[in-house]
Structures are given as structure tokens and as C-alpha cells.
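Participant: Sequence:
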Amino acid sequence: MQVHPLLAPVIDLVFPPRCPLCGAGLAAQTGLCADCWGGLAVPGDPSCTACQRPLEAGTSAGTLCAPCLLQPPRHNGIAAATLYNDTSRRLVLALKHGHRIALAPLLARLIAAQLPQEIGPGWVVVPVPLHRWRLWRRGFNQSALLARELAVISGAELVVDGLVRTKRTPPLGGLGRSARSRALAGAIRLNVRRANQLSGSKVLLVDDVLTSGATSDACVRALKRGGAERVVLACFARVIDEALHLT
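Numbering (the working numbering) for the sequence shown: 113 to 359.
Incorrect hints may have been included.
Pairwise CB distance ranges (calculated) [claimed, not checked]:
1. R294 / S172: 35 to 43 Å
2. A173 / R294: 17 to 25 Å
3. D198 / E269: 29 to 37 Å
4. P184 / G137: 45 to 53 Å
5. A136 / A307: 42 to 50 Å
6. H243 / G137: 38 to 46 Å
7. H243 / S311: 23 to 31 Å
8. S324 / D273: 34 to 42 Å
9. A225 / A173: 16 to 24 Å
10. D273 / T161: 17 to 25 Å
Straight line, CA to CA, 30 Å or less: simulated BS3-like cross-link-like pairs of lysine-lysine [what the hints assert, rightly or not]:
11. K208 / K314
12. K279 / K336
13. K279 / K208
14. K314 / K279
Rather than coming from a laboratory, the hints here were simulated on the basis of the structure.
No residue lacks a Cβ here, since even glycine has one placed at the ideal position from N, Cα and C.
Full structure from sequences and hints, please.
Facilitator: So, in C-alpha cells, the structure goes:
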């Protein structure tokens, strides 16, 4: 939520600015303290030309990473604000399970900084969906909050219900690739009411954390079956443990 500049001094007086992670004093109500900023692992170049996975220094431009060589991705690129580490994990947990939805604009701005320049008006922003029972229990879809902010920042159109999750799925952590595929089979589909809107579209698919990629792959598959021309993934934190030493 944006605060009117005239009200900012009053807000700061009543609620002194604090870092949302460690509680250190800040100059403004947005952002993190210097120590917590320094704890974020921001992916950079060189990176895989298909998925932006960080690569070893000295790797030539246009190189594909081993996973993309082994299995070419369905998506058209990944934009991750950070690599998943302790600092990014705490931010995600604060948003998702701590119900601190005021963090969504900050996380979205960090994602937006990594987006390809082509993304803007003419694109459609779609969040990874939650099953209705999980949405009811949590009260919000954190991916939808990020998608809303990214639509405002980029000038793209928000289609918050472009995808629907038709069945509950178990936690995917620890499952092998085939088990994840079976768990997600038929779980995510294109919203038939948005079919005309998404056919031929360029889509920015938004999630909070990208782990194995099984859920996002199911989303990409549904969007492209529905006629989407391009699908770029955007997330706040991407789980690539082996890449943390490259940042």
C-alpha cells in the first residue's frame, strides 16, 4: 500500500520504520536494513541462456546449463529476484505464513528488477493458483499479491484467475520427478472463462518460490495448451543450492 507523501512523517512518528526481518531502525517504511540486504543472494551473469541459472565465471554467452540440455524447458525464461537462502526464506515465510502481506510490494520490486525489458504493456500477468481450500485457510494467494504488484510496475494486464487448481496436491518436497508429475496430473488447468483472453498471449507466470519446477511446468503446459505464445516465469526466490557460491 502506497502512503501519501504528506502522511509519511505522521506514519513514521507513530510507527517508526523498522527492518521487517531484524527490526533495525530504517530511514523509510520500505526496504531492509543494510545487513539484511547483504544477506540476499541475487543471481547474475554468466547464466544459462534458457533458464538464467547462474554458471561458473568465464562461461561464454549463449551457453545452456546441464538441466536445459538434458530436457529443454517449456517456458521462455526465468526471472528470479534472489536465490533461496536463509534471508530470502525468512521473507517468504513472513509473507506466506506470517501474513505480512505488506511485504509483497518490496518482493515484487526485487522481481521486477530482474525482468526482461520486453515485459510490459501487451503482456498478461498470471499467478500460480492455490487450491480453493488452501486459499480459504490462508486467506490470500501470495503469488497473486506479487502478480498484482508486478502488473502495476510493468504495465501488463493482470489476469488473477487465468489458471485454476482443480485438485489438492500433497507437498512435493522429497518426491522424485515421476512422482511429482503424477501428483500434479490434471491438477492445474486453464480457466475456460479466460481462454479467449490468454490465447495468443505473452504471459508472465508469477510464483513466490521456484523449487523443482514441477508446479510451474504444469502451469506452463496448461497455458501453452491454451494457446499462449510465450510464458516467462517470475519468482522471488529460486532454489539452486549449488549456485549460491557463484553469487
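Participant: Hint by hint, say whether it matches the structure.
Facilitator: Tested hints:
In this structure, R294 and S172 meet the distance hint of 35 to 43 Å, their C-beta atoms being roughly 38 Å apart. In this structure, A173 and R294 break the distance hint of 17 to 25 Å, their C-beta atoms being roughly 38 Å apart. Between D198 and E269 the beta carbon distance is about 35 Å. The supplied range of 29 to 37 Å therefore holds. Distance hint check: the CB atoms of P184 and G137 are about 49 Å apart, consistent with the given range 45 to 53 Å.
Under the hint 42 to 50 Å, the C-beta atoms of A136 and A307, about 49 Å apart, fit the expected range. For the pair H243 and G137, the supplied restraint of 38 to 46 Å holds, since their beta-carbon distance comes to about 40 Å. For the hinted restraint 23 to 31 Å between H243 and S311, the CB-CB distance of approximately 25 Å keeps it satisfied. With their beta carbons about 25 Å apart, S324 and D273 fall outside the hinted range of 34 to 42 Å.
Hint check: A225 to A173, Cβ distance near 21 Å, so the stated range 16 to 24 Å holds. At about 32 Å, the CB distance of D273 to T161 disagrees with the hint of 17 to 25 Å. The suggested pairing of K208 with K314 holds, with an alpha-carbon distance near 27 Å, which does not exceed 30 Å. Of the supplied pair hints, the one linking K279 and K336 holds, its CA atoms being roughly 20 Å apart against a limit of 30 Å.
Between K279 and K208 the alpha-carbon distance is near 21 Å, which keeps this suggested pair within the 30 Å criterion. The hinted pair formed by K314 and K279 meets the criterion: a straight-line CA distance of about 26 Å does not exceed 30 Å.
Checked against the numbered hints above, the structure breaks hints 2, 8, 10 and satisfies the rest.
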